[in-house]
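A.B. asks: Sequence:
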Amino acid sequence: MDDHKLRLFLPTGEGKGKTVKEIILIGTAHVSRESIEEVRRIIRDENPGIVCVELDKNRYNSMTQKENWEQLNVSRVFKEGRGFLLIANLVLSGFQRRIGDELGVKPGEEMKTAVETAGELGIPCYFCDREVQITLRRAWARCGLWNKCKLLASLISGAFSTEKPSEQEIENLKKSGELEGMMTELALYLPPVKSTLIDERDHYLAARIWQSLRGMAGPPAAGNDTSPLVSGPPRIAAVVGAGHLQGIKTQLERIAAGECSTDVHELDTVPKGGWFSKLIGWLIPLAIAALIAVGFFRSGADISRAMLLRWVLLNGSLAALGTIIALGHPFSVLVSFVGAPIATINPFIGVGFFSGLMEASLRKPRVEDAQNISLDVSTIKGFYRNRISRALLVFFLSSLGGAIGNFISIPSLAGLLTK
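What the sequence shown shows, in this note's numbering, is residues 1 to 419, in sequence order.
It is worth saying that the hints were derived from the structure and are not from the lab.
The C-beta atom is built at its ideal place from N, Cα and C for all residues, glycine as well.
Hints may contain errors.
Straight-line C-alpha distance at most 25 Å; calculated PhoX-like pairs for lysine-lysine [claimed, not checked]:
(1) K79 x K249
(2) K249 x K194
(3) K79 x K5
(4) K112 x K57
(5) K112 x K272
(6) K381 x K364
(7) K249 x K5
(8) K364 x K79
(9) K249 x K57
(10) K272 x K194
(11) K272 x K79
(12) K5 x K194
Per label pair, the in silico range of CB-to-CB distance [as the list claims (entries may be wrong)]:
(13) L416 x L375: 44 to 52 Å
(14) M63 x F407: 40 to 48 Å
(15) T64 x T269: 24 to 32 Å
Using the sequences provided together with the hints, build the complete structure.
C.D. replies: Here it is as structure tokens:
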């Protein structure tokens, strides 16, 4: 049996209603021409009673309809605190688009093909993946500052890499050995991200596939409706990324054995930060205030003023430097310098909120920026040229610069006390 196709026979129900259902898992590479043809062939040959795809409704709509970036309100993105998430989403989309353009295949085309083939054959087809925004927000919430920086750095370096994978290298991604190595590397580099992007979604996808057998996965995307579990179709075909193949198999076997629940409500929510995560945002401003206060009581007002000035210069200058690197407007640079200390005092508002909002106000995004953003973010030149992505870059680099300035300030201020 091929590494990228698994056939499972799982018991469902109890007592007299107990039956065995056949589930065919088809592992794909999302920019593979071979995967497109394979998905179409397997669905036609197997003629399953249900087809499931690793998509959510919004992602499918964005693939089949023109992405309406014209409605994107950048200022609202900053006000709602979604700047980092939009950057990650855009960079990932740009990376997949670039790879797809080089290979002549649109990202996710094999999933779209599965939906279309199911519709042609009158087979009910279900979207079984979690909303991508929820996945990104859960991954983001689990990352500390250092892991957030590592995640964005890896996304950006991957998006702007000049390395061009061949079709054979893409096909190799469907092999279990290659995938295990990649998953191991991801787990070591960013454990929280691997847990959210891979492990959680293995469980989520398996649960939704199982629910589709019971007609509990919502209305089908294509084809006819399905019958209840016991009298339902004899087999189901699920089209998923090859990286989820073994994980979904394990989770389905656990569900069939009654070891795992199909209730995914908790996985569809973004966890709120606990008291420690809220407290940690105040640790840096409290530490800086404490150092300046100690300086005042030990050495008088002169040393405390010197400490305050040093902190403002370090914090503000590095935030402003980040905006300069992003080629922000001069007023955005000034706002970064002034706003960084204010943002430190109130950790609920980052300096990126001020600088990004100023950049978007001074250089208002044009219609062509919205229309071309998915293409522009695939190159460094395009990222800087597009006013939407540049405002996001100002937001990110000024935030990063301000954070670095704060970390540097603490030992620097402590050094003044020893003089």
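A.B. asks: If a hint holds in the structure, say so; if it doesn't, say that too.
C.D. replies: The hints, checked one at a time:
no. : hint                    : verdict
1   : K79 x K249              : 41 Å, violated
2   : K249 x K194             : 18 Å, holds
3   : K79 x K5                : 45 Å, violated
4   : K112 x K57              : 11 Å, holds
5   : K112 x K272             : 34 Å, violated
6   : K381 x K364             : 19 Å, holds
7   : K249 x K5               : 11 Å, holds
8   : K364 x K79              : 16 Å, holds
9   : K249 x K57              : 23 Å, holds
10  : K272 x K194             : 20 Å, holds
11  : K272 x K79              : 19 Å, holds
12  : K5 x K194               : 23 Å, holds
13  : L416 x L375: 44 to 52 Å : 50 Å, holds
14  : M63 x F407: 40 to 48 Å  : 42 Å, holds
15  : T64 x T269: 24 to 32 Å  : 28 Å, holds
The structure does not agree with the numbered hints 1, 3, 5 stated previously, though it agrees with the rest.
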